[in-house]
Amino acid sequence: MSVPLDAPIFVAGHRGLVGSACVRRFEAAGCSNLLTASRHELDLRDAKAVSRWFQENRPRYVLLAAGTVGGIWANASFPVDFLRDNLLIHTNVLTAAHETDVQKLLYLGSSCIYPREAPQPMREEYLLTGPLEPTNEPYAIAKIAGIKLCDAYRQQHGRDFRSAMPTNLYGPCDRFDIERSHVIPALMLKFHQARVRGDDHVTIWGTGRPRREFLYVDDLADACWFLLNRDFDQSFVNVGVGEDVTIRELAETLRDLIHPHAELRFDESKPDGTPRKLLDVSKIAGLGWRPQVGLREGLARTYAWFLENVACGSDFADRPSPLASSRPDSR
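In this note's numbering, the protein residues as written are 475 to 805.
Hint data in this document are derived by calculation from the structure and do not stem from the laboratory. Glycine is no exception: its CB is placed at the ideal position from the N, C-alpha and C atoms. Please note: incorrect hints may appear among the correct ones.
Cβ pair distances, simulated, as ranges [claimed, not checked]:
{"id": "1", "residue 1": "Pro749", "residue 2": "Gln629", "range": "29 to 39 Å"}
{"id": "2", "residue 1": "Thr569", "residue 2": "His675", "range": "23 to 33 Å"}
{"id": "3", "residue 1": "Glu771", "residue 2": "Asp674", "range": "21 to 31 Å"}
My request is simple: use the sequences and hints to build the entire structure.
Below is the structure:
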């Protein structure tokens, strides 16, 4: 069933990496009634506030892209925040969506839901077949709970609440912070600072051998619009590109783009995280969707956005790094 272009659609998390891309995509599709609320306007962890907002605004469709996110260092340092905040957000939004008779809800999870040693590429049926990766277990548990809550509402109340599991994301409006960011924005910041300071090397956390899949965020937004406009039988579907690269290969691509003469140094005393994370995307491909932006092109677009919106001139790289270069590049 297609989404009417004048239907009220709530994009939860509209200022984040994913939410902002979804707003761009939905507006491009002609949606004229997008509903948004900033953190100051609506704390999604507050059940009463969320219930009141849904009663007042009555969205018919919901894209749930809000949550507390971060990489290895942030997950290890703030496990309570990652588990508690995400559980509260998922519970409150889905409860309010049910109470106000939302027609369709698409919940966005994460590829970290799969077991650390899951066969590659990871198929949807591998969920809950083995232990999780310890470095992001609290976040993964919260995301799994969100999937299962969607399933429960569909089973018990007949709600059309479904989920999409994107792979590692990057693009405009990402958070560029060496301490809290995922690997691409963290490395992009490192290479940019090294170039402006004239450093001859960049230190990268881990061995560089883990393999990761990366999806440009505007491709994910396109997939979200695609899924909202289609009925599908699965509880959730993977969203990715079906190809991966090593962290070393990613770093080499970023180096060539930003600081070509820098030497790569790998701090092998730091953990790598999951050895490999590659999604099987055959189900969404079978529905008729495929990504359009390749990794090199997406990185170039992201760096151009970074220069225009984050770097803010030459003084940016002269400011102290959020954390010493020996600390982790989140991934």
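**Report entry** Pro749 versus Gln629 beta-carbon gap, inside 29 to 39 Å or not
**Finding:** 34 Å, holds
Query raised in the report: Quick one: are Glu771 and Asp674 within 21 to 31 Å, going by C-beta?
Result: 28 Å Cβ-Cβ, so the 21 to 31 Å window holds.
Requested in this report: Confirm or reject the claim that Thr569 and His675 have a C-beta distance inside 23 to 33 Å.
Outcome: For His675 against Thr569, whose Cβ atoms are near 51 Å apart, the range 23 to 33 Å is violated.
The structure shown violates just one earlier hint, number 2.
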